[in-house]
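Given chain A, work out where chain B should sit, using these hints.
Residue-level listing of the chains:
There are 2 protein chains.
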Amino acid sequence: MKIMDDAMTELHPLDQAIKLDRDGKILRGATSPAYANMAGPFGGVTAAALLNAVMIDERRLADPIALTVNFCGAIADGAFEIEARLIRGGKNTQHWSVELSQNGAIAATASVVCGVRRPTWTHLPTAAPKTPAFKDVAPPDIPRPIPWVQRYDMRFIEGDLGKFPRNDGVLRPARSLIWLQDVPARLLDFVSLAALSDTFLVRIMLVRGTFQPMATVSMTTYFHVGGEELARIGAAPVLGDANADVFHDCFADQTCALWSEDGRLLANGVQVTWYKE
Amino acid sequence: MKIMDDAMTELHPLDQAIKLDRDGKILRGATSPAYANMAGPFGGVTAAALLNAVMIDERRLADPIALTVNFCGAIADGAFEIEARLIRGGKNTQHWSVELSQNGAIAATASVVCGVRRPTWTHLPTAAPKTPAFKDVAPPDIPRPIPWVQRYDMRFIEGDLGKFPRNDGVLRPARSLIWLQDVPARLLDFVSLAALSDTFLVRIMLVRGTFQPMATVSMTTYFHVGGEELARIGAAPVLGDANADVFHDCFADQTCALWSEDGRLLANGVQVTWYKE
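Residue numbers (my numbering), protein chains in the order written: chain A, 1 to 277; chain B, 1 to 277.
Bound-form chain A, shown alone:
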């Protein structure tokens, strides 16, 4: 039982990766090997760290509604600093600007809007995609050399990367439909949704099957449930739906939606990605 207790008091790898220590106006954090990407950290965990700077700020009055992250420069493995500025607060919304720096250079910026949700009119005109249940979809039986990918249980219903790179000249649909869950399982909250919204690989990898220079440039995520509703969902998997409309002269878009098992839209968003050739 002692071992169990220790394990249970240990921080989840995501919480470890986004942990920020206050030093006056500055919050100090560090990249985590558990969420390493090819070079530097997984963008989703950077987004989660930027949002976390607002989540832990005592001036925050309400749940986050919108998060835009701009990836301005490469983030190196190691320490970073975050500063959150409260731009303006009203009765219903609060606007924040957040900057992440390394060695004095800004590497990412974010804007966060928090908003007071009051119980009122709800209308959900869009239904979740119909899919088999999480437990009925097998995880892919392929090696996952990238550390951050190992931090998610990804079960593809559609749009698996498959053998990669394929380099077969065949263009595939840009859509992926995936059950996603933190590894180890973790209670859903806004920071985990922020990270989950970036777990959809840059769509060019799926469409072309090529491995080429590419990066997310800017990403926007909207949250569509309140914190209490999210807490009631617990540590359940979410259904991710990603797609893209256009790849043109070095830039492509992509969309994402994250649904609960009972068909509620928890978050959705867009990102624009850069590719070289």
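Bear in mind the hints are in silico, worked out from the structure with no lab data behind them. Please read these numbers as outputs of a predicted model, since none were measured by experiment. Check the hints yourself; a few may be wrong.
Since copy identity is lost for identical chains, a pair holds within one copy or between any two.
Here are the simulated SDA-like pairs of lysine to any residue, each with C-alpha atoms no more than 25 angstroms apart in a straight line [unchecked claim]:
hint, residue 1, residue 2
1, K91, M205
2, K276, F164
3, K276, A62
4, K91, F211
5, K25, G104
6, K25, V137
7, K19, P184
8, K19, E81
9, K130, H248
10, K25, E83
11, K130, R175
12, K91, Q212
13, K91, V202
14, K276, R264
15, K130, I56
16, K276, V116
17, K25, E99
18, K276, E228
19, K25, I106
20, K276, R88
Quick look at chain B alone, frame taken from chain A:
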């Protein structure tokens, strides 16, 4: 001919509304009666003014790719100041943060990403909606009391507001499909696309048919053509496609896409809106 010459050298109302005069680091502008909304200016023209601050900056190296605008507070009719900070520039992208203030209070912020487009792989997996041509759709024969609405030739294929407010308790689909053109016609450019991306009325008006307190909180627009491609399109109308997925406890999302007459996706984006009851 003299009258004609004068008319031709006059600024288009949109250019007048986003005109900025440099005063050191500060750019000075003013709201325009031509784009007035119920209270304060049309959000699309505020977005265009924020983008314009980057467009006219001599440090700008490339066309805009992404624009996120956060509407932090009410903007009063009258003068405003904009300051654009170049956050970081690389070989491929340049990141800007822009703030609009009135009387020392920040009323809107924006992030702008500019990106160098090089002729390379293009793939356009999503086709434009099939619709009748602009010239074959009649403009709605209804009064348009709001000034900014008069600045657009809007021809509804689907999702017209119709009699408003209806207050009939009937929920309608959130989608609108509309031919849109500046009035008077104006060459398409990035600032006009930024404004066009906010011409879709807050979806709750269409869905519920009610007039209630509501506002756009944050808006993100991605541009999918280079400046030269856009210039070649000229002053043609664009096909707008707007929709929404969720309305829940005071906040709703909406999506938009702007297509050229020959079916190219010029821009797309998302916004999150607040509503009261």
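A quick look at each hint next to the structure:
For the homomeric pair K91 and M205, the shortest alpha-carbon distance between copies (22 angstroms) is at most 25 angstroms, but the shortest distance inside one copy (44 angstroms) is not. In the homo-oligomer, the alpha carbons of K276 and F164 lie at most 25 angstroms apart inside one protomer (18 angstroms), although the nearest pairing across protomers, at 49 angstroms, exceeds that limit. In the homo-oligomer, the alpha carbons of K276 and A62 lie at most 25 angstroms apart only across protomers (16 angstroms), although the nearest pairing inside one protomer, at 40 angstroms, exceeds that limit. For the identical chains of this complex, K91 and F211 are inter-copy neighbours only, at 20 angstroms across copies versus 48 angstroms inside a copy, given an alpha-carbon limit of 25 angstroms.
Taking the shortest Cα distances, K25 and G104 sit within 25 angstroms of each other both inside one copy (15 angstroms) and across copies (22 angstroms). Proximity of K25 and V137 under a CA criterion of 25 angstroms is satisfied in neither setting, with 46 angstroms inside one chain copy and 57 angstroms between copies. Only within a single protomer do K19 and P184 lie at most 25 angstroms apart by alpha-carbon distance; the minimum there is 17 angstroms, versus 54 angstroms between protomers. For the homomeric pair K19 and E81, the shortest alpha-carbon distance inside one copy (11 angstroms) is at most 25 angstroms, but the shortest distance between copies (37 angstroms) is not.
In this assembly of identical chains, the alpha carbons of K130 and H248 lie at most 25 angstroms apart only when taken from different copies (22 angstroms versus 31 angstroms within one copy). Taking the shortest Cα distances, K25 and E83 sit within 25 angstroms of each other both inside one copy (6 angstroms) and across copies (23 angstroms). In this homomeric assembly, K130 and R175 come within 25 angstroms of each other (Cα to Cα) both inside a single copy, at 14 angstroms, and across copies, at 22 angstroms. Only between protomers do K91 and Q212 lie at most 25 angstroms apart by alpha-carbon distance; the minimum there is 17 angstroms, versus 47 angstroms within a single protomer.
Taking the closest pair of Cα atoms, K91 and V202 come within 25 angstroms of each other only across two copies (20 angstroms); inside a single copy the shortest separation is 38 angstroms, beyond that limit. Taking the closest pair of Cα atoms, K276 and R264 come within 25 angstroms of each other only across two copies (21 angstroms); inside a single copy the shortest separation is 37 angstroms, beyond that limit. When the C-alpha separation of K130 and I56 is checked against a cutoff of 25 angstroms, the pair qualifies neither within a copy, at 36 angstroms, nor between copies, at 48 angstroms. Only between protomers do K276 and V116 lie at most 25 angstroms apart by alpha-carbon distance; the minimum there is 10 angstroms, versus 42 angstroms within a single protomer.
In this assembly of identical chains, K25 and E99 lie within 25 angstroms of each other by CA distance both inside one copy and across copies; the values are 12 angstroms within and 21 angstroms between. Proximity of K276 and E228 under a CA criterion of 25 angstroms is satisfied inter-copy only: 20 angstroms between copies versus 43 angstroms inside one chain copy. When the C-alpha separation of K25 and I106 is checked against a cutoff of 25 angstroms, the pair qualifies both within a copy, at 16 angstroms, and between copies, at 20 angstroms. In this homomeric assembly, K276 and R88 come within 25 angstroms of each other (Cα to Cα) only across copies, at 19 angstroms, whereas the closest approach inside a single copy is 38 angstroms.
Hints 6 and 15 from the list above are not met by this structure, while the remaining hints are.
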